[in-house]
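Start from the sequences and build out the full structure, keeping to the hints where you can.
Chains U and X are the protein sequences, given in the same order. Once you know that position 740 of the first sequence is 724 in the working numbering, the rest is easy, because the numbers rise by one and skip nothing. Once you know that position 86 of the second sequence is 163 in the working numbering, the rest is easy, because the numbers rise by one and skip nothing.
Not one of these hints is a red herring.
Heads up, simulated SDA-like pairs for lysine to any residue below, C-alpha to C-alpha not over 20 Å straight-line:
| hint | chain 1 | residue 1 | chain 2 | residue 2 |
| --- | --- | --- | --- | --- |
| 1 | U | LYS5 | X | PRO181 |
| 2 | X | LYS90 | X | HIS307 |
| 3 | X | LYS206 | U | ARG(-7) |
| 4 | X | LYS90 | X | GLU112 |
| 5 | U | LYS321 | U | THR344 |
| 6 | X | LYS97 | U | GLN374 |
| 7 | U | LYS5 | X | ALA225 |
| 8 | U | LYS572 | U | ILE512 |
Simulated from the structure, these hints should not be mistaken for lab results. Note that the coordinates shown come from a computational prediction; the quantities given were computed from them, not determined experimentally.
This is what each chain is made of:
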Amino acid sequence: MRNFIFFLRLFIWFSLRDMRKHIGRALTVLLGIALGAAVFTSVRLSVNASLDSFTKSMDLIAGRADHVLTRPGGYVAEDLISELLNHPAIESASPVLSTYTRIAQDGAEPFLLVGFDPILDRPLRSWRIRAKSNPEAFVWLDLLKDPYTLILGESLATEFNSASGDVILLEHARQRSNFKVLGKLEREGLALAEGGRIAITDIATFQEFTGIFGKVDRIDLRLKPFATAKDLDDIRNILPEGITLNPPSTARESGQGMIRAYQLNLSILSFASLFVGMFLVYSLVALNAASRRPELAILRSTGASGYHLFFIFLAEGALFGVAGWLMAIPIGNFLIKYLLHGVSQTISTLFVRVQVETLTLDGWEILLSFSVTVFISVLAAYQPAREAMQVSPKEALEISQLGMRPRKSPRQLAMGGLICIVLVWPLSRLPAVLQMPLPGYLAILLLFVGFALLAPWALEQIGAFLSIKLRKLAGMPAYLASRHVRDSGTRTAVSVGALITAVALFTSLVIMIYSFRQTVEFWTHETIRGDLFLTTKMGDMNQFRYPIAQEVIENLQAFKDKVDIVPNRRFFLTYTNFPYEFELLDIKGFLKYASFFWLRGDPEIILPKLIRGEGVIVSEVFSNRTGLSAGDAFRAQVGESSIELPILGIVRDYRTRGGVVFYSLSHFKARYHETHWGGMRIFFKDRTQDLEAAVSNLRADIIEQMGDKVDMLSGQRLRGAVLRIFDETFAITTVLLLIALVIAALGIATTLTVLVLERSRQLNTLFAIGASFRQIRSMIFWEAAFLVVIGELAGVVCGFFLSYLLVFVVNRQSFGWTFLYGVDWGSLSISIPLIIITALAAALPAVKMVFRKPPATLLRER
Amino acid sequence: MELNKSQPMIAAKGLTRIYKLGGSEVIGINQVDLEIAAGELVILKGNSGSGKSTLLSLLAGLDRPTRGDLTVANHDLNQTSNSELTHFRRQVVGMIFQSFNLLPTLNVLENVCLPALLAGRSIAESRLKATDLLKWIGLDTRLNHLPAQLSGGEMQRTAIARALINDPSIILADEPTGNLDSHNGQIVIDLLAELNRKWGRTIMIATHSSLADSQATVKLFLKDGMITNHL
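What follows is the structure, given as structure tokens:
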């Protein structure tokens, strides 16, 4: 205990007081760490909030059910219930239907409507009714008895300003209907799902409202406590073909998988800011250890052991970590307000609907953020602490000039760096681990470390190479600067390493985002072709489960002289927990105006087969995730049909909710079972007219003819929306990148400032022997220019390597897709000089520091 | 360790220290044989580069000899491990440097306490001892001053107090008056002489100055790393 107290005292005397003297440097490092920690924590908390919201909703909706009966791509016959309830192992069974619907007014937000039998459902889900006048029992009896009645969740009741007895008009895929509000759900159980934006109605009302008679989405089961695996098999045996029996977690897990992949990528990106901050800590601790070397020798000569010095500097690193993390709290609070909304919107748009009500501070996430921040700060301080440990006490004497260890050549570090870089390729070839691109991320880390380790050697070589040439071209200041850079070894190289990392990230992400955007733009142009897209109301939200009404299809025939109609039907299925869409398409009609974006296979051979219904084509994502490729058999249960078809080829597709499999609509109907159109694309036959005006007119005509019964979106707007969503998704990435660059600039500023202060005696000696103020300041500026330009160039080179890893390894392993590699030379050629200018501007404080005190004073001082 | 009074305080035989500088070798000291009894005040004289500071660094345990035997206060400095040397520097030797070598972020009292705290003494005990020493040395009004606020003489006196805090058996001073004017230099020498006369400390002073000549009980002359005269 006494040793610990003494150590604390020594730390306060030696480290904290020195930090207080140089508070600006310490605050700069703390700001860097705080920014990194704030970004890392707020990103994770934001995504976690969405993940929690989704999981909670799914669990609340699943209730106490331990198994769920579904028919992939179809419905379950309602009459199965009586057979199930007669099974000795089944305690309860409840048929359930759910859909998104909304109030029939412009701009209304959709909400979840759940239909079930209130009596059968009671054992499975918790919900209670709050009604003003009637007792609860009467209310749900009314729900059973009176058609078109519903009970609202509290959020909805508040939003609609509805009370018992009010009537609201709801619209759905097929129709609009008035519903009478019977009461509100108490804020518990099922009422908490979907952020409270949920309503319940009787199953018969639901079926009438949606036009699904005698069928349900699923039957939730609860087994008796003594039920065994044999009972489960028994239950499976009584099920008709095509019905699956699974735990309710299956649906939840596939949604969670998508959110987690997104979370991992954002976490890694936000971790990069912390990683750059680590360089900042290393830089300052290393500079402290080096500049205070005489004091370290004094400590050693008075009896301090090497371990005392080691732990002092390790403690400095830990202090930066802890204090930086605490400083991150207000910054994180600020960031999270913007991130929470942005992230949940992105997840809802790209993956699954989430309704984030509040942010919960997860203790584990806070602990993770704290631990990671402190760990990397301590790790950053490790090497300087080890070097400090080796300070000899004899350095306290003036004769320490004799027998001093020769300056270490950075060659060893460079060898280490080369080894790291060489390992990048084999690592990147390894497959994903647990569907996470961990080898890919490790390869990225080694790439950064490799380039950072090469930096001192590169500085030495470039400094040596350029020094004579620079003396001729730019005079003595440039020469001295290059010599100093050559001899400064690891001290300046650390800040260069930070700049390399930040610039590499910037460059690689500019390339990746550009490549991705170009590819997506091409895909939308080729594959998301259509002048007008037509679906049922809220079709996308309800996963296109409700076909377009026959009367709508018949009414549209009136326009056949002007337009070609290309119908489709989509089924949302899973392939062992991996979600994908099985899209039936009028292939011939599609190919008249659009095309697939081929990745593998010869379209000239494949397309005729596809048109003849001889096989399917799958998306790259589907192929990468399932391991199925051209030549393999595609098998699926779609409604009442079991499908087995060969895979003919692979196409690029950038839908975000899993993979896609395409098949001919007409051949599906002929071969398997009747199915109706879920949506359509409309193309004008006359391509020479003003298509925008034509679309507008057609929309008006359709509404005039059949009323507002369908959702319509012009192709131009749809394609624009895809790209807008893309840009919004990567807005977060851009912000994270800029933060990393700011941290790197802070590193440059800190390093140069400290180096100038350390060398004040040297610089003033130069002055004393004839150098002018201008020449000395010019020398410092040249040094800054060296560090920044070398860091930038190395960063750009590293960035190109990194971009390959991101495009062809990380994206493929995270999301299953790759894209066409392209370089945005325009953006790079503007941004790279801008970064140089910014980093040089960060060097200005150091230049100003040079003659803070009169030279004579400094030369006289000891 | 209890000193054996019959044994010399310092015993060196064939003591040699060679430094490697790039490809060449520089001889710090060469085949030095030396015996100093306890309680002596030794002056070490010689020109720059004669090996005075090298010899002191070996005696202080700051460096290790290349060859030869060296025993200081019954500690065989050839055979000691690094941790034993650390202990030696704490407890056995008090070192005074030409450039004072005070820690700039510690005040006078803290600088003096530091070796005692390193030796494991409590803060209270260390403060008490340090205060007494500083009072004796005439710096009791400067306890809370930082080194930057002291004159050269005050800094060196602080360094002397620091060197004494753990009651070392031997005090080694490397050019203690080198950065002082003659008045302050004399004060420092008188303090060291008093330590030797009154308290029987063994003191070795490496110096160019003649201020300590009259106080010395032993004079050693070094040239080119070897003792040329022993008076």
